[in-house]
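Undergrad: Here's the letter readout for the chains.
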Amino acid sequence: DGGITQSPKYLFRKEGQNVTLSCEQNLNHDAMYWYRQDPGQGLRLIYYSQIVNDFQKGDIAEGYSVSREKKESFPLTVTSAQKNPTAFYLCASSIGTTRVNEQFFGPGTRLTVL
Amino acid sequence: GNSVTQMEGPVTLSEEAFLTINCTYTATGYPSLFWYVQYPGEGLQLLLKATKADDKGSNKGFEATYRKETTSFHLEKGSVQVSDSAVYFCALLPSGGSYIPTFGRGTSLIVHP
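Each protein sequence line maps, in turn, to chains A and B.
Following this note's numbering, the numbering of the first sequence begins with 57 at its first residue and continues without gaps.
Following this note's numbering, the numbering of the second sequence begins with 1249 at its first residue and continues without gaps.
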């Protein structure tokens, strides 16, 4: 089955710690995205990548970092510089090169800072 | 810039009622338009889409028509079920540039038996 997997589903972090969220896709999609979702605020774009070894900041990149060393993987690191990291994080992918193609989303990771 | 405006929720309906969730957009050119659905604790999944003016997207009894003249893409369903309770997101993908989607804030739908 083709799709996007995110792990872990739940993650707890102490203040001051970095933590990495995993995102893997086997859809052979070029583009991958990370979103943050807070109650009542919809989706906010953190980072996106349209090709391997290249990525761009989204609207709220401060305190986050990413890498795109392989086409199928786009991990997100939440650093200690992120002031309020407790949120639901969604990874998505798309073919990425036309205006008609939808995004495919993973099941999400809920991060809680203790 | 591009923007998507959805009606505020929650929308609360009884089973078998008619559903409308309004969505209007601002964008240059001819964007593609999408509705996504998010069930509690899950990621988003595509519900339907339309890629040009006057197109109608449909899926699972839901419909939406791309209205260029009113810049709208309202979601409708003739008879909702309890299982339709979820958050619905309207989104656009611009016709040029980076192909980064713009999402609305989401509208929560609660259907009572």
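These are computed hints drawn from the structure, not numbers from a lab.
Everything numeric in this text was worked out from a predicted model, so none of it was measured.
Treat the hints with care, as some may be off.
[To be verified] Derived, one-sided and incomplete: chain A residues facing chain B with beta-carbon distance under 7 Å:
1) Phe68
2) Asp94
3) Gly98
4) Leu99
5) Ile151
6) Val156
7) Gly162
8) Pro163
9) Gly164
A virtual CB, placed ideally from N, CA and C, is assigned to each residue, including glycine.
Undergrad: The structure should be examined with respect to each hint, and the outcome stated for every one.
TA: Going through the hints against the structure:
no.: 1; hint: Phe68; result: 17 Å, violated
no.: 2; hint: Asp94; result: 11 Å, violated
no.: 3; hint: Gly98; result: 4 Å, holds
no.: 4; hint: Leu99; result: 5 Å, holds
no.: 5; hint: Ile151; result: 9 Å, violated
no.: 6; hint: Val156; result: 5 Å, holds
no.: 7; hint: Gly162; result: 5 Å, holds
no.: 8; hint: Pro163; result: 5 Å, holds
no.: 9; hint: Gly164; result: 5 Å, holds
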